[in-house]
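Trainee: Please build the complex by placing chain B on the supplied structure of chain A, with the hints as guidance.
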Amino acid sequence: MSTSLSLRPNILSRLRGFRVNNFRLYLGIFIIFVVVAMAVLASHLTKFDPISQDLLNTLQGGTAEHFLGTDNLGRDVWSRLLYGGRTDLFLASIAVLAPFVIGTVVGAICGYFSGWVDTLVMRIADVVVAFPFYVLVISLVFILGNGVGSIFIAISLVSWVAYARIVRAETMIVRSKEFIEAAQTGGISNQKIITRHVLPNVITQAIVYAMSDIVLNIGVIVTLSYFGLGIVPPTPDWGRMIAEGQQFLAGGYYALTILPALAVVITSLGLSFIGDGLAVALRVKR
Amino acid sequence: MNAMNSGAMTSNVLEVEDLQIVARIAGRDYIAIDNISFSVAEGHARGLVGESGSGKSLTLRAIMGLLPANVRVTSGVIKFQGQDLLAEGGKYRKSVLGTGISMVFQEPSVALNPVMKIGKQITDSLMQHSDLNRKQARERAIDLMDQVGIREASKRVDDFPFQLSGGMKQRVMIAAALACGPELILCDEPTTALDVTIQAQIIELFKKLRSELKVSLLYVTHDIGVVAELCDAISVMYSGRIVEQADDINKVFSHPRHPYTKALLSAIPRIDGPIQRLKGLDNTGPSLTQRSQELAPPMTNVEPGWQIAPFEFADLDALWSASSHE
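Protein chains in written order, with this note's numbering: chain A, 1 to 286; chain B, 1 to 326.
Pulled out of the complex, with its shape left as it was, chain B reads as follows:
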């Protein structure tokens, strides 16, 4: 099954293979994520799309080692630059956090320390991993702030987060994520908390960073429009499984194969079209404790680099039957 991921091993910055995550709730184990396999090729961006609770953020957290105490990875491999991040209790992961992989969070207002100057926060990780002195770090912070489009960086470097707008804070977060020159940035819905115009600016910034720095992105969002604009590969998640994924995003967008993907795509609101509900889907996915505990069946290749899950799957069945009552 691992061979499903196309592309040579070396060109993939991140490879996730057969990831299974189990959550322990009230003394019982529930499969939160099963049979997740995808890769992020060097310099590419993969969008991880799904509704709330589909397990996309959990996947990111598993990569970063930020799982809550009651949640654990039960099987699977997460490789960064060909090396297993989970091996030896995450020893290798510790060495690449910040320098190789960094993360941008959803809510810039809570992801920044309220009592620390932004310049210091930007270079916090850099100071940990290098021997820069304070003055050099400050210079570097100003450079990074310029790079992410914060005007008058030399004046703002000593500001505290509360003096900045949401969009500016997110730029600060991105600057901090860039500080050590990582190969891969994990983005956990970085534009969800921002209003639409700022959202567009931040996406432009990510595009610019991709082309200038050749940095790879794993971009988690429920906004399929953002993925369309920014990513070249896509994985659609539902109820803890991947239902459809392709290395070429256009294939999925033009000819989605899986009914869930179809429903998701048709749910994008259009300014010129009628207001409509999710076609064929009455409900959101079942909550974790109500999910089917059957293991995810293997995915099948539509063509190389494009896989879909079987259409029969208990959690999905519930949705289809619900809609067929209409």
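In isolation and in its complexed conformation, chain A is listed as follows:
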């Protein structure tokens, strides 16, 4: 989209004004950097295939070979954590893009033109919001069937609403600004006014929300696979690891459940820190 181009000077100019003591932002970036690096470099950080079973060495604690142990099928927990992170992070980030783009475009158009299109779209948004988020996503995945594709579609169908509402509200504020009128008197087309003048002024809010939305998405994806929906085994994934490890809690094999849960918590914390930090750093001075 052409918006990313005009966005650049905006972000850069704001970056220059970053507060040095935005500790949360840096902590968040550090955590996410480490988590992403581990997921990306998974193949270099472990020599074990996350799905190859070793039925002779099941449910081992930490050994010299498998330093986080193995699960009930003898799969290396460390490499399953790394590859599981790869699945969840990738899916969560991808699933943030479509709602981000759809919601931002719809919100900007509604806010800029208002009128009956705006009324219609916002009523649809009301309907979507009327259902609890998880109930809607789970039933959508249930209808669409298991698989990465259905998770993607389900999340997109539900979470564009938040972006649309945020961007619409911001657009309505920006639209009343004189520089929009100035652009109109210059004979600039509505489409260009939206992409060049409105979006760069409203997109920061959507970006900040996207950070917390990734957290939400990780939650959704992990929850879905915990319930046996969405990601199909044997693809490694934190939710399924938690679900499978659960059976062995009573036997004292806590690590099988706690480690992937910890991974979810740490990743979510990191993203939340980035979201909060960005909200402070990009705060629009009005």
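No false leads were slipped in.
Straight-line distance between alpha carbons at most 35 Å, and here's what the computed DSBU-like set of lysine-lysine pairs gives:
#1 A:Lys177 with B:Lys207
#2 A:Lys177 with B:Lys91
#3 B:Lys91 with B:Lys135
#4 A:Lys192 with B:Lys208
#5 B:Lys94 with A:Lys192
Computed spacing ranges between beta-carbons, pair by pair:
#6 A:Leu41 with B:Asn133: 39 to 45 Å
#7 B:Thr192 with A:Ser176: 18 to 24 Å
#8 B:Arg24 with A:Met172: 17 to 23 Å
Calculated directly from the structure, the hints in this document are not laboratory data.
The model shown is predicted, which means the values in this text are computed figures rather than measured ones.
Heads up, the beta-carbon is just placed ideally off N, CA and C, and yes, glycines get one too.
Mentor: Below, chain B without anything else, positioned relative to chain A:
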């Protein structure tokens, strides 16, 4: 009544005839502007003067098609280069915005996009209407910035608005208005938000542009001194009507006929004179919802190219009687 505007049709860049604008407030229609007729001759500047709420900005907005949703033009013609701007839902207007008519706003700090480089804003309209590539547009922006007196234009072209002073921002606005080489620039109090020395510089700039580019101006202001310096024609507005107008500004300044014009002129503060209130006027004009809804009576010619409205007019009467109590 249309014949009131002197001068041949062809030499007028802008002609406004019998303009009436109605505002809908709380379910009721109020006449905001009535019986407005004036023209701007090619290469000339007309000052539209009046106190706050007299309808001068609304007139500009009607020309530009920037009226709020509850305000509409109910009758009248606005012609640019002889063609009706309001015809076919403003189709013709759309084609001349930026290229034929452009506008300079009152507050340069809010009329510039805070997150866009000024060079890009200057050529934004130009890029819409021509096939220039980015590099050419940048060159053009630097040229325009030179033209409006921004020093070291090639260094400042990539600045953002917040890096510029108010006066510089207004120069950027003017450069943007000039970008497509318009015949007419509408100015909505472009110096009101600036301090006096900068104001003088901007007026000098407008004078220079007038003589160099032969661009016509419709200059809205409440500062009659600015009009005296910059314009050759004047229309004085009060309470949504024109009370006096002349194609030769000196006539109005030396022998104002209408009592409101007289009062307005005598209200210009003089550095050597005593501090005084508006003579004969105790109040500002009534607010829109309290205005008389009677239609404006036709204006009469003092001489060709100089018209005044009848002195009896309900909204004015209120002011006179208020002052007579003194």
